Amino acid sequence: MKKLYVLASSVLILSAVMIFAPDAKSNQSGAVSNYSGVNAGLGTCAKSGCHTGGANTGPGNVAITSNIPAAGYTGGQVYQLNVIVTSGGSNGGVFGFAVSGAKTGTSTIAGTFANTDNNAQIRSSGQYVTHTLAGINNGGNTTAKTFVVDWTAPAAGTGAVRLFAAGNSGNNNGASTGDNIYTTTVDVPEDESTVSLDEVALQSIHVFPNPASDLVTVENFISSDWNLKVLDLTGKTMMSHNVTTQKFTLDVSELPAGMYLVEIGTNGRSVIRKIIVQ
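Numbering (our numbering), first residue to last: 1 to 278.
Calculated from the structure, these hints are not laboratory results.
In this text, all values refer to a predicted model and were calculated from it rather than measured experimentally.
Please note: incorrect hints may appear among the correct ones.
Said to hold, decoys possible - Quick list of in silico lysine-lysine cross-link-like pairs, BS3-like style, CA-CA up to 25 Å: (1) Lys274 - Lys229; (2) Lys274 - Lys236; (3) Lys247 - Lys229.
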């Protein structure tokens with residue numbers, strides 16, 4: 001596995017978990033949902049009542065490694081993420097973690113997670129992953145623990161994704177004091193070369209004549225299966241065709257005069273051309 005470039009987080013990241021505090025015992029079985037950098041207004045674990053003290057003040061750290069290529073992810077592919085929580089010689093009685101991902105620069109969730117063993121569990125239909133009660137111990141190893149999860153990359157064309165991770169090196173004292181919370185982020189680019197042919201195809205589409213009164217030709221200069229729709233300005237589908245040739249002719253003679261949108265899509269990507277029917 002290759003370690004991805006890790007950026008120091010300057011925003012509120014994922015909350016890690018309260019391992020054994022009596023007033024929030026349920027968090028032994030996973031971190032509080034929605035306490036993530038995707039929703040910065042909710043705060044970190046240190047400010048949410050789970051733990052006292054600030055994040056990244058202890059001697060340990062949290063890191064993410066993965067098998068995502070340096071060039072970036074391919075849309076829809078499954079990758080393995082390793083979330084490594086290190087105690088740094090302090091605490092290390094128990095460990096917890098939480099991870100989520102969003103399109104870089106936004107709060108839009110990107111990709112989904114799946115647990116690979118009983119140390120982790122998914123939340124919010126795979127948008128978020130955290131530890132389980134069974135996963136907080138590490139067989140007597142108080143130095144570090146690695147949590148392994150699968151991440152399915154978002155659809156092609158999503159762009160760069162930022163993964164948010166938090167780890168907890170807990171002292172197992174039955175209270176919210178003395179635990180060390182660590183946070184980090186990882187920026188993952190999209191491998192544009194894996195979708196370059198589709199991009200060329202979509203930019204090589206021509207619709208003519210325009211305006212038109214009866215027949216409209218749509219050309220796609222790279223032969224591949226594609227979907228063709230004609231929508232009115234409210235988004236209602238007026239026509240829909242699955243096309244397997246480079247050229248297709250639309251009969252628009254029955255459409256009322258006005259402006260329409262021609263949507264051409266292939267492999268999860270699409271472009272829209274405007275046409276006027278006279």
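Structure-based check of each hint:
Distance hint between Lys274 and Lys229 is fulfilled; the C-alpha atoms sit about 12 Å from each other, no more than 25 Å. Of the pairs offered as hints, the one joining Lys274 and Lys236 holds, with about 14 Å between alpha carbons and a cut-off of 25 Å not exceeded. For the hint pairing Lys247 with Lys229, the CA-to-CA distance comes to about 14 Å; that is within 25 Å, so the pair holds.
Every hint, counting from the list given before, is met by this structure.
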